[in-house]
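K.L.:
Numbering of the sequence shown is given in our numbering, commencing with residue 15 and proceeding in unit increments.
It should be emphasised that the hints constitute simulated quantities derived from the structure, not laboratory data.
Heads up, the beta-carbon is just placed ideally off N, CA and C, and yes, glycines get one too.
Just so you know, not all the hints are guaranteed correct.
[To be verified] Here are the computed lysine to aspartate or glutamate pairs in the EDC-like style, where the Cα-Cα straight-line distance is at most 16 Å:
{"no.": "1", "residue 1": "Lys79", "residue 2": "Asp57"}
{"no.": "2", "residue 1": "Lys115", "residue 2": "Glu51"}
{"no.": "3", "residue 1": "Lys66", "residue 2": "Glu88"}
{"no.": "4", "residue 1": "Lys79", "residue 2": "Asp61"}
[Stated by the list, open to error] Here are the computed distance ranges between Cβ atoms for each label pair:
{"no.": "5", "residue 1": "Gly67", "residue 2": "Gly133", "range": "22 to 28 Å"}
{"no.": "6", "residue 1": "Asn71", "residue 2": "Asn130", "range": "41 to 47 Å"}
{"no.": "7", "residue 1": "Gly67", "residue 2": "Glu141", "range": "20 to 26 Å"}
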Amino acid sequence: MYPKHIKKLQIALMMVIAFTVFYSFEKSKEREIVVVEYTAGEDGVIDSLYSKGFIKNKLSYWSLKFLTRFTNQEIEPGGYALSKSMGALALYSQLVDPEYKYVTIGSGLRKEQIANIYGEKLGWDEEKKS
15 MYPKHIKKLQ
25 IALMMVIAFT
35 VFYSFEKSKE
45 REIVVVEYTA
55 GEDGVIDSLY
65 SKGFIKNKLS
75 YWSLKFLTRF
85 TNQEIEPGGY
95 ALSKSMGALA
105 LYSQLVDPEY
115 KYVTIGSGLR
125 KEQIANIYGE
135 KLGWDEEKKS
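From just these sequences and the hints, can you work out the full model?
P.N.:
Below, the structure written as structure tokens:
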């Protein structure tokens, strides 16, 4: 068994790591619209946000990479309303449901087919499709 002070040190270290990952020290609440290119995959989205300063440290960066690998929610390119004061979990919740999404419509489709494509991508119900 570990001595009591070692366990307390481990708990304190885990709390510091969690605080660093999930909290941003930036105080700005101002939101910006950030657009990530259609060709960017999950890694491209995270890399883009890191280079633009929305992900503050490497620990948060790797936490987001870990979350994208081991959850069944997909990060997709699009437009996001983000603040530099967001922590890793707040960013992740925005990334799985972008405010602005890319929709690709091929030529020669009927209006019903186009409505189905929009409905699938944007989560429309049958009423909105018609």
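K.L.:
Against each hint, give a clear statement of whether it holds in the structure.
P.N.:
Taking the hints in turn, this is what the structure says about them:
1. A hinted pair counts as satisfied when its Cα atoms are at most 16 Å apart, and Lys79 with Asp57 qualifies at roughly 7 Å.
2. Proposed proximity of Lys115 and Glu51 is supported: the alpha carbons are some 10 Å apart, at most 16 Å.
3. Annotation: proposed proximity of Lys66 to Glu88 is violated, straight-line Cα distance about 21 Å (limit 16 Å).
4. At roughly 10 Å between alpha-carbon atoms, Lys79 and Asp61 fall within 16 Å of each other, so this suggested pair holds.
5. Separated by about 36 Å at the C-beta atoms, Gly67 and Gly133 break the suggested range of 22 to 28 Å.
6. Distance hint check for Asn71 and Asn130: the Cβ-Cβ separation is about 42 Å, which falls inside the suggested range of 41 to 47 Å.
7. A hinted range of 20 to 26 Å is violated for the C-beta pair Gly67 and Glu141, which are about 41 Å apart.
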